[in-house]
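2 protein chains.
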Amino acid sequence: MPLFKTLMVIGPGLIGSSILRRARRDGQLAERLIVMDRDATVLARVRELGLADDVTMDPADVAHADCVVLSVPVRAVELVARSLAPFLQPGTLLTDVASVRGELGRTIPSFLPEGVEYVPSHPMAGTEFSGPDAGFAELFEGRWALLIPSEDSAAWACEKIQQFWENCGARTKILTAEDHDRICAMVSHLPHLLAFTICDTADNLSGEMRSAVLDYAASGFRDFTRIAASDPVMWRDIFTANRDVLLETLERFIQDTQSMADAIRRGDDDAITAKIHRGRRIRRSLIHNRQA
Amino acid sequence: MPLFKTLMVIGPGLIGSSILRRARRDGQLAERLIVMDRDATVLARVRELGLADDVTMDPADVAHADCVVLSVPVRAVELVARSLAPFLQPGTLLTDVASVRGELGRTIPSFLPEGVEYVPSHPMAGTEFSGPDAGFAELFEGRWALLIPSEDSAAWACEKIQQFWENCGARTKILTAEDHDRICAMVSHLPHLLAFTICDTADNLSGEMRSAVLDYAASGFRDFTRIAASDPVMWRDIFTANRDVLLETLERFIQDTQSMADAIRRGDDDAITAKIHRGRRIRRSLIHNRQA
Numbered sequence: 001m002p003l004f005k006t007l008m009v010i011g012p013g014l015i016g017s018s019i020l021r022r023a024r025r026d027g028q029l030a031e032r033l034i035v036m037d038r039d040a041t042v043l044a045r046v047r048e049l050g051l052a053d054d055v056t057m058d059p060a061d062v063a064h065a066d067c068v069v070l071s072v073p074v075r076a077v078e079l080v081a082r083s084l085a086p087f088l089q090p091g092t093l094l095t096d097v098a099s100v101r102g103e104l105g106r107t108i109p110s111f112l113p114e115g116v117e118y119v120p121s122h123p124m125a126g127t128e129f130s131g132p133d134a135g136f137a138e139l140f141e142g143r144w145a146l147l148i149p150s151e152d153s154a155a156w157a158c159e160k161i162q163q164f165w166e167n168c169g170a171r172t173k174i175l176t177a178e179d180h181d182r183i184c185a186m187v188s189h190l191p192h193l194l195a196f197t198i199c200d201t202a203d204n205l206s207g208e209m210r211s212a213v214l215d216y217a218a219s220g221f222r223d224f225t226r227i228a229a230s231d232p233v234m235w236r237d238i239f240t241a242n243r244d245v246l247l248e249t250l251e252r253f254i255q256d257t258q259s260m261a262d263a264i265r266r267g268d269d270d271a272i273t274a275k276i277h278r279g280r281r282i283r284r285s286l287i288h289n290r291q292a
Numbered sequence: 001m002p003l004f005k006t007l008m009v010i011g012p013g014l015i016g017s018s019i020l021r022r023a024r025r026d027g028q029l030a031e032r033l034i035v036m037d038r039d040a041t042v043l044a045r046v047r048e049l050g051l052a053d054d055v056t057m058d059p060a061d062v063a064h065a066d067c068v069v070l071s072v073p074v075r076a077v078e079l080v081a082r083s084l085a086p087f088l089q090p091g092t093l094l095t096d097v098a099s100v101r102g103e104l105g106r107t108i109p110s111f112l113p114e115g116v117e118y119v120p121s122h123p124m125a126g127t128e129f130s131g132p133d134a135g136f137a138e139l140f141e142g143r144w145a146l147l148i149p150s151e152d153s154a155a156w157a158c159e160k161i162q163q164f165w166e167n168c169g170a171r172t173k174i175l176t177a178e179d180h181d182r183i184c185a186m187v188s189h190l191p192h193l194l195a196f197t198i199c200d201t202a203d204n205l206s207g208e209m210r211s212a213v214l215d216y217a218a219s220g221f222r223d224f225t226r227i228a229a230s231d232p233v234m235w236r237d238i239f240t241a242n243r244d245v246l247l248e249t250l251e252r253f254i255q256d257t258q259s260m261a262d263a264i265r266r267g268d269d270d271a272i273t274a275k276i277h278r279g280r281r282i283r284r285s286l287i288h289n290r291q292a
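Protein chains in written order, with full-length UniProt numbering: chain E, 1 to 292; chain A, 1 to 292.
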């Protein structure tokens, strides 16, 4: 017995189309799949790929769904939710997949019709690719799906969304919006910011040095910058949506970098190795965690 | 017909023991393999692993080799070379594998006996593991081995060292010491410094946040910090040996980071995406280069 009658995915990108593929593969998520997008060529592609039973550009069609997943870029979540609000039916479950929570958990319920349940979530999964062709049914397998319910979220709604992500293969955890945004700034947003920036620094080099960097990139640079191939608009949205926490985390990182630079400048071997050892400890805990 | 009669590897760590394994596997590098180290337990392990025909702690034994590879940490290269100098025979070929060139190309020839040829090299290959157990015969396959000969290096000697690395599976390129150190600061030293530092920043978090980072590290952090598991002493040596160039490269990177932070702070969407796009361009060229 599938979890929902009709699941609507709005924005069939990497995340959205992975949900659709999972739903198709297992038949456990919904009896019927509808996809909404504002871009007709995206919808045509979804049809070609056979990812949906129906596609639509009309917000009014949201009335046919008992679960709606907003898988649009962070900064579009509120706007799209507002456009749907007038058509959402009581008993409908609304979730999103935004990687920055900010005020969404307070703002969105303020304009939803009575009886519509909103349970925000964030599946921590992704690749550097985007669009309906990029998804795959196993994307969420063994990854975290974080739930960020507000105080008003009904227990049954939380449980359903939890079940939804577990059916997608994910492990779930409940967090506050504030903790969520701090953790993601550290484990995801800052690394991406640094990877984009070091690529930018390399791109700014003189022609000869720039091409040398491309030739000899194997030693660290290539692995280090893998995540810098990710979608620019998505990341612009994330950086600006999580601005305050991200800039604070970056500030701490730059202080730590300056302190390492000072140790190198004054040739303080002990301070340098102490920092490297501390860093390695975290890195080794990670390896340990993965094995466990 | 092997390239050398007797190859001596001093310091059978990741690089040294990979050379030995390659020599054993193909029989093309040398008829006989001698390993020197100051640590008796390392030599015992080399014996157990069957990596050498003979092991020694006596610098005088260098007289028996026609090729000597100094695979010791950057800052030990000069010291070890000085201890060997009195025993090196005319016609012997000396190389090293140091990842920072600095003044080595000028200093070392100044105290070598007449007729000993020094051709510095740097195989750009490595993993986060170290020691005689960490090596493998394929480590250099398809990787760059950079040659940094001085003006005095004899042509025959350069050709032999080039042949040596090609027999190890590497591609070779000749660079000046200055270009070498600039390129490596960008493609290797700076990424490592940042990876160590972001791990350090994470390690400095309060207990709860620190353990959350470990839990949710999948999104970027884990890949980004893989290189931070590398050997602390080796990296301390590299950072201090390439101090001036590295700090200059870091300075440029921090400026680029501040400029990205400013764009985020003032919500300048165009500036943010322009930076991300520039970074992506380098990243995509890398992917393209690899496929080519």
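A few of these clues could be false.
It does not matter which identical chain is meant; a pair holds if it fits inside one copy or across any two.
[Stated by the list, open to error] Below, simulated SDA-like cross-link-like pairs (lysine to any residue); rule was C-alpha separation at most 25 Å, straight line: (1) Lys160 to Asp215; (2) Lys160 to Val233; (3) Lys5 to Asp179; (4) Lys5 to Pro59; (5) Lys160 to Gln89; (6) Lys173 to His277; (7) Lys173 to Ser211; (8) Lys5 to Phe129; (9) Lys173 to Asn204; (10) Lys5 to Gln258; (11) Lys5 to Pro90; (12) Lys160 to Arg82; (13) Lys5 to Arg21; (14) Lys173 to Asp203; (15) Lys5 to Arg171; (16) Lys160 to Arg38; (17) Lys173 to Leu205; (18) Lys5 to Gly267; (19) Lys173 to Leu214; (20) Lys173 to Arg210; (21) Lys160 to Ala63; (22) Lys173 to Gly207; (23) Lys5 to Glu103.
It should be emphasised that the hints constitute simulated quantities derived from the structure, not laboratory data.
Cross-check of the supplied hints:
1. Taking the shortest Cα distances, Lys160 and Asp215 sit within 25 Å of each other only across copies (23 Å), while inside one copy they are farther apart (51 Å).
2. Proximity of Lys160 and Val233 under a CA criterion of 25 Å is satisfied in neither setting, with 31 Å inside one chain copy and 51 Å between copies.
3. For the homomeric pair Lys5 and Asp179, neither the shortest alpha-carbon distance inside one copy (33 Å) nor that between copies (64 Å) is at most 25 Å.
4. When the C-alpha separation of Lys5 and Pro59 is checked against a cutoff of 25 Å, the pair qualifies only within one copy, where the shortest distance is 18 Å, while the shortest distance between copies is 79 Å.
5. Taking the shortest Cα distances, Lys160 and Gln89 sit within 25 Å of each other inside one copy (17 Å), while across copies they are farther apart (78 Å).
6. In this assembly of identical chains, the alpha carbons of Lys173 and His277 never lie at most 25 Å apart, being 31 Å within a copy and 34 Å across copies at closest.
7. Taking the shortest Cα distances, Lys173 and Ser211 sit within 25 Å of each other only across copies (14 Å), while inside one copy they are farther apart (45 Å).
8. In the homo-oligomer, the alpha carbons of Lys5 and Phe129 never lie at most 25 Å apart, since the shortest distance is 30 Å inside one protomer and 52 Å across protomers.
9. For the identical chains of this complex, Lys173 and Asn204 are inter-copy neighbours only, at 24 Å across copies versus 42 Å inside a copy, given an alpha-carbon limit of 25 Å.
10. Taking the shortest Cα distances, Lys5 and Gln258 never come within 25 Å of each other, neither inside one copy (56 Å) nor across copies (49 Å).
11. For a Cα distance limit of 25 Å, the shortest separation of Lys5 from Pro90 inside one copy, 15 Å, qualifies, whereas the shortest one across copies, 85 Å, does not.
12. Taking the shortest Cα distances, Lys160 and Arg82 sit within 25 Å of each other inside one copy (23 Å), while across copies they are farther apart (71 Å).
13. In this assembly of identical chains, the alpha carbons of Lys5 and Arg21 lie at most 25 Å apart only when taken from the same copy (16 Å versus 61 Å across copies).
14. With identical chains, the CA atoms of Lys173 and Asp203 are at most 25 Å apart between copies only, with a shortest distance of 22 Å across copies and 39 Å within one.
15. Taking CA atoms no more than 25 Å apart as the test, Lys5 paired with Arg171 passes inside one copy only; the shortest distance there is 23 Å, against 59 Å between copies.
16. Taking the shortest Cα distances, Lys160 and Arg38 never come within 25 Å of each other, neither inside one copy (27 Å) nor across copies (64 Å).
17. With identical chains, the CA atoms of Lys173 and Leu205 are at most 25 Å apart between copies only, with a shortest distance of 21 Å across copies and 44 Å within one.
18. Taking the shortest alpha-carbon separations for Lys5 and Gly267, neither the intra-copy value of 66 Å nor the inter-copy value of 41 Å comes in at or below 25 Å.
19. In the homo-oligomer, the alpha carbons of Lys173 and Leu214 lie at most 25 Å apart only across protomers (14 Å), although the nearest pairing inside one protomer, at 41 Å, exceeds that limit.
20. With identical chains, the CA atoms of Lys173 and Arg210 are at most 25 Å apart between copies only, with a shortest distance of 16 Å across copies and 43 Å within one.
21. Proximity of Lys160 to Ala63 under the C-alpha cut-off of 25 Å is restricted to the intra-copy arrangement: shortest distance 19 Å within a copy versus 76 Å between copies.
22. Taking the closest pair of Cα atoms, Lys173 and Gly207 come within 25 Å of each other only across two copies (18 Å); inside a single copy the shortest separation is 48 Å, beyond that limit.
23. Taking the closest pair of Cα atoms, Lys5 and Glu103 never come within 25 Å of each other, the shortest separation being 30 Å inside a single copy and 72 Å across copies.
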